[in-house]
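Following the hints, put chains A, X, U, D and E with the ligands in place on chain H, whose structure we already have.
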Amino acid sequence: MGELLSVAGDNLLSPPILFFILGMGAGLARSDLTIPEAVGKTLALYLMMAIGFKGGAAMAGGEAAAGMAGAMTAGILLSFLIPVIGFFLLRATTRFDSDTAAAVSAHYGSVSVVTFVTAVSFLGTQNVVYDTYMVAVVALMETPAIVSGLLLAHLAASRGAGGVSQRAMSHLVREILLNSSVVVLVGSFVIGWLTGERGMERVAPFLVAPFTGVLCLFLLDMGLVAARQLTGSKVLAPGPLIFAIYMPLIGAALGLAAATLVGLQPGSTALLAVLAASASYIAVPAAMRIALPRANAAVYLTLSLAVTFPFNVLVGIPLYFAAAQWLAATPGP
Amino acid sequence: MGELLSVAGDNLLSPPILFFILGMGAGLARSDLTIPEAVGKTLALYLMMAIGFKGGAAMAGGEAAAGMAGAMTAGILLSFLIPVIGFFLLRATTRFDSDTAAAVSAHYGSVSVVTFVTAVSFLGTQNVVYDTYMVAVVALMETPAIVSGLLLAHLAASRGAGGVSQRAMSHLVREILLNSSVVVLVGSFVIGWLTGERGMERVAPFLVAPFTGVLCLFLLDMGLVAARQLTGSKVLAPGPLIFAIYMPLIGAALGLAAATLVGLQPGSTALLAVLAASASYIAVPAAMRIALPRANAAVYLTLSLAVTFPFNVLVGIPLYFAAAQWLAATPGP
Amino acid sequence: MGELLSVAGDNLLSPPILFFILGMGAGLARSDLTIPEAVGKTLALYLMMAIGFKGGAAMAGGEAAAGMAGAMTAGILLSFLIPVIGFFLLRATTRFDSDTAAAVSAHYGSVSVVTFVTAVSFLGTQNVVYDTYMVAVVALMETPAIVSGLLLAHLAASRGAGGVSQRAMSHLVREILLNSSVVVLVGSFVIGWLTGERGMERVAPFLVAPFTGVLCLFLLDMGLVAARQLTGSKVLAPGPLIFAIYMPLIGAALGLAAATLVGLQPGSTALLAVLAASASYIAVPAAMRIALPRANAAVYLTLSLAVTFPFNVLVGIPLYFAAAQWLAATPGP
Amino acid sequence: MVELHKRKKIEVIIETPARPLLIDVLNRAGSPGYTLIPAIGGRGLRSAWDRNQLMDAANQVIIVTIVSAEAAEAIMAEVGKLLEDYRGVVTVSDVEVLRGGRF
Amino acid sequence: MVELHKRKKIEVIIETPARPLLIDVLNRAGSPGYTLIPAIGGRGLRSAWDRNQLMDAANQVIIVTIVSAEAAEAIMAEVGKLLEDYRGVVTVSDVEVLRGGRF
Amino acid sequence: MVELHKRKKIEVIIETPARPLLIDVLNRAGSPGYTLIPAIGGRGLRSAWDRNQLMDAANQVIIVTIVSAEAAEAIMAEVGKLLEDYRGVVTVSDVEVLRGGRF
Ligand SMILES: Nc1ncnc2c1ncn2[C@@H]1O[C@H](COP(=O)(O)O)[C@@H](O)[C@H]1O
Ligand SMILES: Nc1ncnc2c1ncn2[C@@H]1O[C@H](COP(=O)(O)O)[C@@H](O)[C@H]1O
Ligand SMILES: Nc1ncnc2c1ncn2[C@@H]1O[C@H](COP(=O)(O)O)[C@@H](O)[C@H]1O
Ligand code: NA
Ligand code: NA
Ligand code: NA
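Just so you know, the sequences run in chain order H, A, X, U, D and E.
So the first sequence is numbered by our numbering: it starts at 1 and just counts up by one.
So the second sequence is numbered by our numbering: it starts at 1 and just counts up by one.
So the third sequence is numbered by our numbering: it starts at 1 and just counts up by one.
So the fourth sequence is numbered by our numbering: it starts at 1 and just counts up by one.
So the fifth sequence is numbered by our numbering: it starts at 1 and just counts up by one.
So the sixth sequence is numbered by our numbering: it starts at 1 and just counts up by one.
Only chain H is shown next, with the shape it has when bound in the complex (with noise of 0.2 Å):
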C-alpha cells in the first residue's frame, strides 16, 4: 500500500497534474481565466502528433514490436465489449432511456488520447518504459465503440437504427474514421515510422523538449472546461454519478486482464489499462450527436469530461500504474 501512496504522491505533485487542479480550482471559483479555443484545439493536435511521431520513429528503429498483435487485438475487442457492460449496468442503476444508455457506454468504450497523453508522461517520472506501438492502439480503439453502442441501441429500441437517415449515416462514418485525432495520430506515427531516427532528430526541439511543458497549458485548459461543464450542467442523479467512477475500474480490471493475458511489459500494461479506462469526450460526443440525436447529450459530456477524466487523471492513472507493478511482480499462473 506504501508503494501506491508514494506513487499517487508523486502524480499529484507533476506539474501537469498541478495545473490541471489550477484550471479546475479557477473553473469552480468561476475566474474569467480561459486559454483561447483555437489554442486549445491546437495544443490537443500537437500533443496527438507528438506522442504520433515518437512511436513511430521508435518502431522505425528497430523496438521489438512483441506483443503488438496481442495488444492491438486485446485493445479492439475491450473497446467493442466495455460498451455492452456499461448499457446493462446503466440501464440497471439509471432511469436512462436506452439511447443514452447506448450512448454514454459507447464513450466508456471509446478512450481519451488526453488521458493517454497524461499517462505516458507520468511512465515518463518514473522512469517506466512501454511499447511505443501503444499509440497505435490507441487509434484503434476510437471507433469500434461507437459501433457496438449504436448496435445496443438498435436492439434495443423498438424502431431500430433505421434511424440514423442514409445521409446522416455518410457524416457518421466520416467523423467515425476521419476525425482529426485518429488522422493526427495514425498519420504523425507513419511519418515517424517512414523518417525514423533522421526524422526525429529534425523535430525534436518542437515534439519532443516542449512537450510536458505544453501538456501542463493544456491541462489548465482541460482543467477550466471540466470545472465549467460541472458547475454548468444540471444535477446530475447519484446512478449516473457513481458511475462515472466505478466503470473506470471495471474497464481497467479487464485491460488489466487482458495486457497479461498478451503478456505486455508493465508499462504497456498500465497503458492498456488507462485506455480502458478512459472515456471519450471529443471524437465520440461528435458521433453520438448524428447517430443518436435522442440520446441526452448533457449528461455524457458532463460524466466523461467533468468526472471521468478528473478521476483517471488524479487517482486512475497512479493506481492502474501500481497495479500493473504488483502484477508483474506476484508469479502469474
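To be clear, the hints were calculated from the coordinates, so they are not data collected in a lab.
Fair warning: there could be bad hints in the mix.
Quick list of simulated restraints, FRET-style, between CB atoms [said to hold, decoys possible]: (1) Glu197(H) x Arg30(X): 27 to 37 Å; (2) Gln126(H) x Ile245(X): 21 to 31 Å; (3) Arg46(D) x Ala69(E): 17 to 27 Å; (4) Arg46(E) x Leu13(X): 36 to 46 Å; (5) Leu12(X) x Arg46(E): 28 to 38 Å; (6) Ser68(U) x Ala237(A): 27 to 37 Å; (7) Arg167(H) x Arg46(E): 20 to 30 Å.
Virtual Cβ for every residue (Gly too), placed ideally from N, Cα, C.
Below, chains A, X, U, D and E with the ligands alone, put in the same frame as chain H:
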C-alpha cells in the same frame, strides 16, 4: 551619465524592444499586420506562467526570502497611495470629471505585468539578479489601486459609490480577485514552489528556453495594439498626455524610495520602481468599466497603453535600473 | 539522373513534406481535421520572423554579401518580366479575359514565402549553404509583379486601368508595400542585423531550434487548405491546369539563368529559381481583388495554391536544386 | 430610386453537430445560398453554454439564408423537424433585396 | 402549411464589460433565451474600433434574444437604461417562429 | 411605455478584400455607425467556401448598419454598384430603435 546612456542603448538594442518598435512603426503606418487575438492572449498567459513558475521554483530552492515581507508591504502601500497622488494631480491639471480622474489614477496605482516581464528580461541581459518573490509582489499590487480609485470617486462624487449596484459589485469582486493574471501568476508560483527544481527541469524547455523569443513576438503585438490605440483615439489634450509621462516618474521615485527603505538588492529595487511606474491596461480597465461606467474609457485606455507603456519600455526601464544601481553605489544615510 | 532521383527521394522522405502530403490526403478525404485560422496565420508569421532574423544576424556576422546587388536586381527584373510571359501564354492557351490573365500572371511573377522557407529547410538537409541575403530578395520580389500585372491589364483593356478608383489606389498601395509578409521579413532582417550574434543567441531557442517542427505543423495546414481549395473549386479547363505546371518550370529556368549570369553559389541559385517558380497566394490575391475585381479570383486562388504550390514543394524544389548543382559542375561558357 | 424586391430571411441557431444535416436540408430545398456565423455563448430552456474550447459538440452555430417566400415555407417545415432532435431555434423575417433574380 | 407565431427579435450591440450586466437584465426580465455573437469591429459616434487583441474592455459583443411582444417592452426599457452608461445600440424587429410556446 | 422610432437595418455580406471599400461607402453616405461580424462559411451561386485559414481573400465578412430611411436609399445604391465587382449579398429590413436622434 555615460553609464546611463550605455544601459539605455543596451535596452533599445535588445530584440524584444526592437520588435516593439517594429510593431509601433507598422501600426502607425497602418500596415495590415495583426497577431490574431487568440494568440496574443495566450502569449500573455505564457509569459505570466513562465515568470510565476520560475519565481516559485527559485523560492523552493531555498533562495533567501530576505526582505519579502517588506517588499510586499511596500508594494501594497504604493498600489494604494499612488492613485491618491494621481487623482489630485489630474484634478488640478486636467478638466477630467472625478470619475475619470479616479479611474485613470487607479490604472497608475496598479501594474502592467508585461512591463514587469520586459524589465525581468532586461535584468537578464545585464546579468543582474533579483529576488524571485517579486512575482508575488506583482500579483499583490494589481488590486489595492482599484479599491483606492473607487474610494476616491465615492468621496469626490456627491451621489457616492452607491452607484455600483449590488449586482455589479459581485461581478467586480470576481473581476478583481480572480482575473486571469492573478490566477496564472499566483497559481504558477505555487506550482513552481511545490515541484521545485525537479518540476523546473521538466518544464524548462517550454517555460524557460523560448521565453525571450516569445517576448519578442508578444511585444511586436503590443506595439501594433498601442499604435492603433493612439491613431484611433481622439486627439488628447496636453494635460493628460504629460501626466502619462511624469506620473510613471513619480511612481518610480516612490518605488525606489520604498525599496531602499526596505533594503532590497538593486535588481529588486529596479523592479519595484518599474511596478510603481507601470500602469495596468487589462485588469483595471475591465474593473473600471463595471465600477465607474461614466469614466471616459477612451482616455485611460489610450494613456496607459499608448503613452505610458511605450515610455516605460523604451525609456523607463533602463532609467529606473540605472537609478537603482546609483542608489546602491552611494552610501546610504 | 540517379543523383536527381536520390535528391527527390530525400525531399519526399523529409518530415515537413510528409506532413504536407498527410494534409493533402486528409483534405481530399474530407476529414474534419482543421488547424484553427489564428494558429495558421501565426505559424506563417513565425516562419517569416525566423528566416528574416537568421538572414539579418548572418549579415551582421560579416557574411560575404558578394553578389547581393546582382541577386536583388535579378529578382526584381524576374518579378517584373515573368508576368509578361505568363500573360501572353495564358491569352494564347486559355479563354481567360485580359483581367484574369493579368491577375494570374502577376501571381506567378510574385513569390510564395512558404515555398522559399520549405526550400531553405531542404537545403539544410542537404547541408548546402546559401547567401542569407536571399531573404531580402524574397521581400523585393513580392511587389514588382503586381505593378506589371496592372500595366498588362491596363494596356490590354480598352477602358484602361483608370478603373482603379483613386480611393482603391490608396488601399492598394498600402496592401502592396505594407502587407504583413514584407513588414515581418524586412523588420526581422533589420533587427537580426542590428542585434547580430548576441541577439541571435537570445532568440535561437525560439526562432531556430523548433523551426523544422513548426514547418511540419504549418505544411500539414497548407496541405489541408490546398486540398479543400481543389475540391471546392469548379472543375478547371486543361489549359490553365497545365499552365500551373509548366509556368513554374519556365520561371525556374529564367531564375537559374539569371543566377548563373550574376554568379551566385549553387544554394542561392536554387533559391532564386524557387522564387521565380513560386506563385504568391496571400499578398497578391488581396491586391488583385482591389485592383482587378473583375478577374476571376477562384481561378488564381486554385492555380497558385492547389496546383503550383504542391508541384513546387513535391517536385520543383529538388528539381531546381539538382539543376543548380549540375550547372555549377559544368564549366561555364 | 433603387428597385427592391421582398424576400424572406431565415435564421437558424443550431448545435454544431447538426450543421452538415442543416446544410443538406438547405441544398435540397434549393436555397440560393447561406452564410454561417459563429455563436460564442447562449442560454435556452436548458443551461447556459459558453464557447466550449474543446468539445465542438457543445457549441452552436448560426446559419442565415435569404430565400423566396415559397422556398421559405419548405425550409421552415424541414428545419422544424430537425429541431425536434437538435437544440436550437429558427426565425423568419421580411427583408428586401436588390437583385431579385438571385434569390 | 407551417404554422408561424409573431415574436420580437431584440439585438443589442454593447461593450464586452457590460455583457454580464446585460445577461442579468435578460434573465430578470424572463427572457426565454439569448445567443451571443462576436463583433470584430465597428464605428459609432466615437472613433472606430477594431478587435483589440489584448484589451477586452475595448471590444463589443452582440446579444440576440427572441421574446414575446410584452417581454420586449420591459427588456427595451432596461437596456435603454444600461446604454446610458455603456457604449452600444439596441434594435427590435418583427420575426415569426415555429414553436410559439417556447418564447 | 418605451418610445420607439422606425429605422432601416442594412446587412451586407461581402468579400473581405472589399471591406475597406464598403466602409468608405458607408462613411461617405453619412452612416451613423456600423458593426463588423465574422462569417465562417457559406455558399452562393458559386462554390461553397469555408473559413480559409490562410487566404483572407477567400473569406467573407458581414457589415450591419442602422440608418434612417433616406440614408438607406443612398447606401443601397452605392452597395449595389460595389456588388457588381465583389461577391456578396445585401438586405435591408425594418427595425425600431430607442434613441432616434442617434441614427
Ligand atoms: N429566445 C432565444 N433567443 C435567442 N437564442 C435562443 C433563444 N432560445 C434558445 N436560443 C439559443 O438556442 C440554444 C439552444 O436552446 P435550447 O434548445 O432551448 O437549449 C441556446 O443555447 C441559445 O443559444
Ligand atoms: N448605426 C449603427 N449601426 C450599427 N452599429 C452601430 C451603429 N452605431 C453604433 N454601432 C455600434 O455600437 C458601437 C458603439 O457605438 P457608440 O456608442 O456610438 O460609440 C460602435 O462601435 C458600433 O460597433
Ligand atoms: N441566399 C443567400 N443567403 C445568405 N447568404 C448568401 C446567399 N447568397 C450568397 N450568400 C453569401 O454571399 C457569398 C457570395 O455569394 P456569391 O456571390 O453568390 O458567390 C456566399 O458565399 C454566401 O456567404
Ligand atoms: Na475506455
Ligand atoms: Na503602477
Ligand atoms: Na514567382
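We went through each hint and held it up to the structure:
no., hint, in the structure
1, Glu197(H) x Arg30(X): 27 to 37 Å, "34 Å, holds"
2, Gln126(H) x Ile245(X): 21 to 31 Å, "54 Å, violated"
3, Arg46(D) x Ala69(E): 17 to 27 Å, "25 Å, holds"
4, Arg46(E) x Leu13(X): 36 to 46 Å, "39 Å, holds"
5, Leu12(X) x Arg46(E): 28 to 38 Å, "35 Å, holds"
6, Ser68(U) x Ala237(A): 27 to 37 Å, "56 Å, violated"
7, Arg167(H) x Arg46(E): 20 to 30 Å, "24 Å, holds"
Hints 2, 6 from the list above are not met by this structure, while the remaining hints are.
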